[in-house]
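Number of protein chains: 2
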Amino acid sequence: MISVVLLGAGNVATHLFKAFNKAENVDVVQWYNRTKASISSYVNKVEITDELNELRTADIYIIAISDDSIGKLSENLPFKNRLVAHTSGSVNIHDLDKKNERAVFYPLQTFSKDAKVDFSQVPICYQALEKSNNKLLKTLAKAIGSPSYKINTEQRQTLHLSAVFINNFVNQLYRIAHEITDNKNIEFDILKPLISETAKKVQNISPYMAQTGPAKRNDKKTINRHLNQLENRDHQKIYKLLTESIQQTHGLKNKNE
Amino acid sequence: MISVVLLGAGNVATHLFKAFNKAENVDVVQWYNRTKASISSYVNKVEITDELNELRTADIYIIAISDDSIGKLSENLPFKNRLVAHTSGSVNIHDLDKKNERAVFYPLQTFSKDAKVDFSQVPICYQALEKSNNKLLKTLAKAIGSPSYKINTEQRQTLHLSAVFINNFVNQLYRIAHEITDNKNIEFDILKPLISETAKKVQNISPYMAQTGPAKRNDKKTINRHLNQLENRDHQKIYKLLTESIQQTHGLKNKNE
Chain E
1 MISVVLLGAG NVATHLFKAF NKAENVDVVQ WYNRTKASIS SYVNKVEITD
51 ELNELRTADI YIIAISDDSI GKLSENLPFK NRLVAHTSGS VNIHDLDKKN
101 ERAVFYPLQT FSKDAKVDFS QVPICYQALE KSNNKLLKTL AKAIGSPSYK
151 INTEQRQTLH LSAVFINNFV NQLYRIAHEI TDNKNIEFDI LKPLISETAK
201 KVQNISPYMA QTGPAKRNDK KTINRHLNQL ENRDHQKIYK LLTESIQQTH
251 GLKNKNE
Chain R
258 MISVVLLGAG NVATHLFKAF NKAENVDVVQ WYNRTKASIS SYVNKVEITD
308 ELNELRTADI YIIAISDDSI GKLSENLPFK NRLVAHTSGS VNIHDLDKKN
358 ERAVFYPLQT FSKDAKVDFS QVPICYQALE KSNNKLLKTL AKAIGSPSYK
408 INTEQRQTLH LSAVFINNFV NQLYRIAHEI TDNKNIEFDI LKPLISETAK
458 KVQNISPYMA QTGPAKRNDK KTINRHLNQL ENRDHQKIYK LLTESIQQTH
508 GLKNKNE
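Sequence lines, in order, name chains E and R.
Going by our numbering, the first residue of the first sequence is number 1, and it counts up by one from there.
Going by our numbering, the first residue of the second sequence is number 258, and it counts up by one from there.
Rather than coming from a laboratory, the hints here were simulated on the basis of the structure.
Note that the coordinates shown come from a computational prediction; the quantities given were computed from them, not determined experimentally.
Some clues are possibly wrong.
Covered by chain E, according to a simulated footprint, are these stretches of chain R (three or more residues, beta-carbon under 8 Å) [said to hold, decoys possible]:
1. 290-302
2. 391-401
Straight-line distance between alpha carbons at most 25 Å, and here's what the computed BS3-like set of lysine-lysine pairs gives [said to hold, decoys possible]:
3. E:Lys150 - R:Lys497
4. E:Lys237 - R:Lys373
5. E:Lys237 - R:Lys497
6. E:Lys216 - R:Lys478
7. R:Lys302 - E:Lys192
8. E:Lys221 - R:Lys329
9. E:Lys200 - R:Lys449
10. R:Lys473 - E:Lys237
11. E:Lys216 - R:Lys373
12. E:Lys220 - R:Lys329
13. E:Lys142 - E:Lys192
14. R:Lys449 - E:Lys113
15. R:Lys494 - E:Lys72
16. R:Lys388 - E:Lys184
17. R:Lys494 - E:Lys18
18. R:Lys457 - E:Lys98
19. R:Lys494 - E:Lys240
20. E:Lys184 - R:Lys395
21. E:Lys18 - R:Lys457
22. E:Lys240 - R:Lys373
Covered stretches of chain E, as calculated for chain R (at least 3 residues, CB under 8 Å) [as the list claims (entries may be wrong)]:
23. 49-63
24. 115-124
25. 161-172
26. 222-230
27. 235-248
Even for Gly, the Cβ is constructed at its ideal location relative to N, Cα and C.
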């Protein structure tokens, strides 16, 4: 049984609480937040507190709060030599106060407040300054059904950067398609199966192998017609840049062309 | 029962053949390709030919070949006043020879040669110059289990353009993430659940509502760190441009800033 004290009340903290609370071999002994009200609805399920001085003993303290506040909260912890982990994709492990044993337990996924989370689809990227803590972190990930990966700080920050490309930027391309279709009174729904299939395809083959379309074919006629169709100059710029990027990847364009 | 003659042997033609062949109320009376060899493996399932002069009578002739060849093939058809449809997202309906009744039967999806296609996930965008043909096109889509949408040429070309954004460009962002992670010896697999979830999220909420991340939060510290992390100048350009696009969408940036 792994005992956990959870700190924070955002999306990640809340979804982790639910997952830990359901896991057979995890005991959330306490949930801390600086304002008790945010977690008061869980009072029947777990001991809650807003006092760092009241924190109970646990195998691991998981800080799931905004990046900028992690260092400060770790300094304010009133104990030492215990295992403290943050859940951030970008904060350095050394930003945690060194009086405790430091670790990272980073769930690489997008969380919505209300949507249910299937933790089998949430890779946990973990890291520990003391090797002996790796086992506990791995066991904790397994307890909630998540695949886990031991990574270093540079790898984690690279994953965080990659996540911006495949989540935020991809979502912005969906948004642009939404704008373009809205302008011509077309239901965005028509595009949803293609959105799904595009994501599904790269689960089994590489994005390189999955590529198709006018840029890959070097079909200049279609590319030019598309550029003419685009009424928004920013959308034109994005079209051009990503077309060039595809052509670069597939050897259709010289760097200096 | 709708009788169909299929023309062409590419991915779209092949997947349409399989779907039509399975549909109860569709009869593929003949499959034409200019080189018989490409479809000879289907000889036990359907009559095949490479002679336009041998084409049989059917309710609809579906031309599923490359965009540039559609006009020419439609001219070479040795009959008139029959219903002829192409399957292209971008070719004008008027590019079909006017001696026949013209239509479009455009499946908005990405097809791989070997992957099985679930036609319930393939929206059929149809169009007919003679209104009376709309019913047959809709019935044909329904017969293979596809949702269908009646659209005009401009709408179809807008969908085709949008598909480049949500399929080709999205896939290129996956590719960039693949490159970035490969360079740091990180398994691309770690990112796959996030790719799936990002596509899944916009099935129910708008891309606008789904957006998160440093650009949306205007988190300049993270944005600058990411730009420094990117070793490839083209990737930096894409990061900057899509960050600006997100900020434009969410009112965080003036056009002239």
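Hints breached by this structure:
1, 2, 3, 4, 6, 7, 13, 15, 17, 18, 22 and 23
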